[in-house]
Amino acid sequence: MMRRPRATTTKAVIYNENENTDSDQSFTQMISSDEEMDEWKPLESTKSFSKAARAPTDGEMKAAPKRTAKPKQPKVPKPSAPRKQAAEQEDTVMPVSGGKKRKPNSDDLGENERKTQTGCPEKRGNSVRMKEERISFIVSDAHRTDGWTDEGASQSGLQVKKEEAPEEDFTFDEPCLKKQKTSDTSQRPTFPASAAHSLRNELNMNWDLIEVLSTLTCVERWVCGNIIKLLREENTVPFMVRYRKEMINHMDADAVRDVQMVYAELCSLAKKTQSVVQTLKKDGVLTPELEESLRSCRSADDLDHVYTPYKKGSKLTKARRAKALGLEDAATALLNVPHTLDLSAWVKPGTEGLSCVEEVATGVEHILADIIAKDPETLTYIKTLCEKSFVTIQSSVSKTALKEKEQEKVAQEHKKPGTEHAPKKDFDKFQLYFDFTCNVQRIQPHQTLAINRGESLKILTVKVNIPDRVKSDFTRWCINNRWRPKTFTREELHAIIRNAVEDSYKRLILPFLTRSYRTKLTSAAEKESIAMFVRNLRQRLLVCPIRGSVIMGVDPGFKHGCKLAILSPTSQILHTDVVFLHNSGQKKEAEKLRHLMTTYSCTKVVIGNGTACRETESFFSDLISRRYFYPLDVSYCITNEAGASIYSVSPEAIKEMPDLDPNLRSAVSIGRRVQDPLAELVKIDPKHIGIGTYQHDVSAGALKAALDGVVEECVSFVGVDINICSETLMRHVAGLNAGRARSISEWREKNGPFINREQLKLVKGMGPKSYQQCAGFIRINPQTLNSAKLSPPCAPENPAPKKSKGKAGCSIPTSLNPLDQTCIHPESYHVAQRFLSLVGGIVDQIGSACLKHCVESKVNTSCIEELAKKVDTTPETLKLIIDGLTQPPGFDIRQNFGQADFKRGIVSMSDLRVGAVLTGRVDNTTLFGAFVDIGVGRAGLIHKSHITLDKLPASQRRRSLALGPGERVEVRVLNVDAQRGRIGLDLIRVLQ
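With positions in the sequence shown counted from 1, the corresponding number in the numbering used here is that position plus 201.
For the record, the hints were derived by calculation from the structure and aren't laboratory data. Just so we're clear, the structure is a prediction, and the values are computed from it rather than from any experiment. All residues carry an ideal CB built from backbone N, CA and C; glycine is no exception. Hints should not be assumed to be uniformly reliable.
Lysine-lysine pairs mimicking BS3-like chemistry, simulated, CA-CA at most 27 Å apart [claimed, not checked]: (1) Lys965 / Lys856; (2) Lys483 / Lys584; (3) Lys788 / Lys760; (4) Lys789 / Lys760; (5) Lys584 / Lys482; (6) Lys472 / Lys482; (7) Lys888 / Lys856; (8) Lys473 / Lys905; (9) Lys630 / Lys600; (10) Lys604 / Lys664; (11) Lys856 / Lys905; (12) Lys707 / Lys589; (13) Lys606 / Lys630; (14) Lys884 / Lys905; (15) Lys905 / Lys970; (16) Lys664 / Lys600; (17) Lys600 / Lys659; (18) Lys512 / Lys472; (19) Lys884 / Lys970; (20) Lys430 / Lys472; (21) Lys888 / Lys630; (22) Lys664 / Lys687; (23) Lys884 / Lys856.
Distance ranges between label pairs, derived from CB positions [unchecked claim]: (24) Glu947 / Gly749: 27 to 33 Å; (25) Ala465 / Asp1045: 22 to 28 Å; (26) Ala396 / Ser1063: 34 to 40 Å; (27) His897 / Val850: 19 to 25 Å; (28) Lys630 / Ser476: 20 to 26 Å; (29) Lys760 / Gly940: 38 to 44 Å; (30) Ser822 / Arg1169: 20 to 26 Å; (31) Leu833 / Arg1169: 22 to 28 Å; (32) Ala465 / Glu947: 32 to 38 Å; (33) Val1115 / Cys639: 26 to 32 Å; (34) Ser822 / Asn1061: 49 to 55 Å; (35) Leu517 / Ser476: 46 to 52 Å; (36) His897 / Thr1120: 42 to 48 Å; (37) Arg1169 / Ser819: 20 to 26 Å.
Construct the entire structure; sequences and hints are all you get.
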């Protein structure tokens, strides 16, 4: 069936490149002003992971057709202007010069726009994400796709179609409308009003959680409500994405995790606000106006801006000192009834701060400056001015770095033999940023992170330049509009207001804007970096396994030799050894290799890419070229060994291979990474797998949560055979944890293999919710049971004592259920049976050509919606059932992903020529390009400027880099720098 296209809103960046950028107010100078503002720290200030996708309350870019007018801001004490509901736009328009609107076209996504990566991460496309569109059965001709959230398309003759999303434009720090399937409004499951009211009372904030969540994540309100409901019911993301599609509007796992993360941050903000309110109440400084302002904050930045002046340990602000002298009434009178104000009446000789008219006027100025800096309408206006101006971020080499560099140079000249010096900083790494200036709307994420790192090392000095015109326009607007006295005002009182506006801008608002820009840039860069980690990890985990082959894993080395491990087709260790291939006696070692490979019929060698990799590869290549292993047809591949050494000494490795030397465990791990990458890599902390960039410059907590989430997603969607999978792999199945995985493993050892999914209910710690979450991702493979040669009745005898504990309140069947080997959830088994009856099939025919033909005939004669009504289910559930029934036994979604490349010869870097066309496999992607292994021992770089839309398949055209680890590409050599070991490549096309 065809679906309606989903609406998307394109945000536009409006700025004037001709604006003056003479403002040189440095970041350091602003922080060291006499106001007690906290120092900005790149790593600490980015704990809130959603600051890059902020609501319009922060004065960010608004959608061109319709705006949210004057949203709520922290207010002290002025009330904010009423908010307007932002309406979704069906047609995308972009503002151009002169205020006109036009339709976007393909030219809008030019090279500069493709380079920009500071936008909303939700705009990532549908190539590497788990599923952007649901695979649908249709009657007309269509093509197969590799969407795999629903186990992927099976090899049946069923026609499937995947809708392609339109190309997008994007802007700095502005979330886009998430692309989602448009559902029938009448069938939308909605969040109960009573539950929404209860949730708002629970948070005790002045905003509606669902509304704010919808604004921040660009997801429809009803979808946000359902996601909150599902999360509060302890549902996992993989379960929601596969089995609750109609409730989440077919969102993919990444999008749901984004909503989950923002929801957690909003709840955390509410808790922090409540804590701040209690603290201020205890200190006796809480006023109704202040509490109103605190409970209206929608981000951690807003909360800090309001709370900072009242923090314990900070010096009393100028405004609070003036208020303590009783000058607040004078400031209020100046704004409301200035004709009645007589400053001389407030003079108290002998009292500091009130001894003369000038001191009284200064105190009134400080109070007014504080009011102006916290007024929502004023902050909105100044942010709007900045958006229309050419605001830049500038970095330069710091004086400290220059001094240290000079000291190192002197020390090097007078260095004495045998003396050791402290490790020096690598100044050259930051040479690009010694004199760097860039528009904040154009700076790249990797540039932001590099600048932050250089600043933290005290190598760079960073400042944000706001044009002087912003100050003049802002001052004029404040004096003539927002803070204009209501009645006649004498000239000396006008001077007080003018001075207050200028003081407020320089001392309070400018540092606030600087911190805001730095925080938003850092947060956006962190999001993009983490998104790159997630995409790379998913690609690495989903590499197609090499089945049915004996493999030799080689951990290369010089002094301590090359460690070998020969593994059976089922990853069992057959033999381990050490050979010294790079010393004298190579002929003897070659004989040993031939004997081992002949004895175990091993034809595939996996070499780790660590020390001595190139030399080991050359040794094997030479033997293969001489047909040394004849009659065996031997080939080899190079694999990433990152994390193998760490894993070899981990408790998991010791438990799994207690009698092996740690070096030999590394060889086993290297071999298994090719045999079954998912099962092996889940044993290693994702941050040690060697993916992504700037790992230590992003929030450790946010990175860990994202990587753990994608591991759970991959393991769950691939599925696990509960009777043979390791305990480590089971931990990552949705709904399971280390304790439940251990209980399942113990039950399996005590009672034998599981006969059906229902027996999981007998496992200790497996409650109804845990069973619901994990059951659909667990497989009972009949072949596994047959190979075990165990009779089915052996398992249910032992669970009988558990009945007294309530674990087996109902009878558990002891027979094999063929549906347990599919992706169909047990809650839908009755629907599957009704559908089988409808098409004239039986469960024993699952995956057979006969059943495929029956299903295809029925789908071609009736639409999915009609069939769903006949079997009393939703179309989404029926599509999943059809997938499960028609996929062949043992179907693996990873078959649509590439395998490791095995080769028999070797090419060196000296053989490369500019203009040569080669094929390779992406090894890693970064924020500035993709590294490709072209088989010369050194990865080449495709700079992001060469990854253009016309070179990518339509399904991979998205805002950020579309390439991921494992993808095969055709490239052209642009340049070769043998001295520095660098190879520049140009992308020709992605090989399908």
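Cross-check of the supplied hints:
no., hint, result
1, Lys965 / Lys856, "holds, 22 Å"
2, Lys483 / Lys584, "violated, 34 Å"
3, Lys788 / Lys760, "holds, 18 Å"
4, Lys789 / Lys760, "holds, 17 Å"
5, Lys584 / Lys482, "violated, 32 Å"
6, Lys472 / Lys482, "holds, 15 Å"
7, Lys888 / Lys856, "holds, 22 Å"
8, Lys473 / Lys905, "holds, 23 Å"
9, Lys630 / Lys600, "holds, 17 Å"
10, Lys604 / Lys664, "holds, 20 Å"
11, Lys856 / Lys905, "holds, 24 Å"
12, Lys707 / Lys589, "holds, 20 Å"
13, Lys606 / Lys630, "holds, 13 Å"
14, Lys884 / Lys905, "holds, 15 Å"
15, Lys905 / Lys970, "holds, 25 Å"
16, Lys664 / Lys600, "holds, 14 Å"
17, Lys600 / Lys659, "holds, 9 Å"
18, Lys512 / Lys472, "holds, 17 Å"
19, Lys884 / Lys970, "holds, 26 Å"
20, Lys430 / Lys472, "holds, 19 Å"
21, Lys888 / Lys630, "holds, 23 Å"
22, Lys664 / Lys687, "violated, 38 Å"
23, Lys884 / Lys856, "holds, 12 Å"
24, Glu947 / Gly749: 27 to 33 Å, "holds, 31 Å"
25, Ala465 / Asp1045: 22 to 28 Å, "violated, 46 Å"
26, Ala396 / Ser1063: 34 to 40 Å, "holds, 37 Å"
27, His897 / Val850: 19 to 25 Å, "holds, 22 Å"
28, Lys630 / Ser476: 20 to 26 Å, "violated, 41 Å"
29, Lys760 / Gly940: 38 to 44 Å, "holds, 43 Å"
30, Ser822 / Arg1169: 20 to 26 Å, "holds, 21 Å"
31, Leu833 / Arg1169: 22 to 28 Å, "holds, 26 Å"
32, Ala465 / Glu947: 32 to 38 Å, "holds, 33 Å"
33, Val1115 / Cys639: 26 to 32 Å, "holds, 31 Å"
34, Ser822 / Asn1061: 49 to 55 Å, "holds, 53 Å"
35, Leu517 / Ser476: 46 to 52 Å, "violated, 22 Å"
36, His897 / Thr1120: 42 to 48 Å, "violated, 34 Å"
37, Arg1169 / Ser819: 20 to 26 Å, "holds, 24 Å"
Comparing the model with each numbered hint stated earlier shows that hints 2, 5, 22, 25, 28, 35, 36 do not hold.
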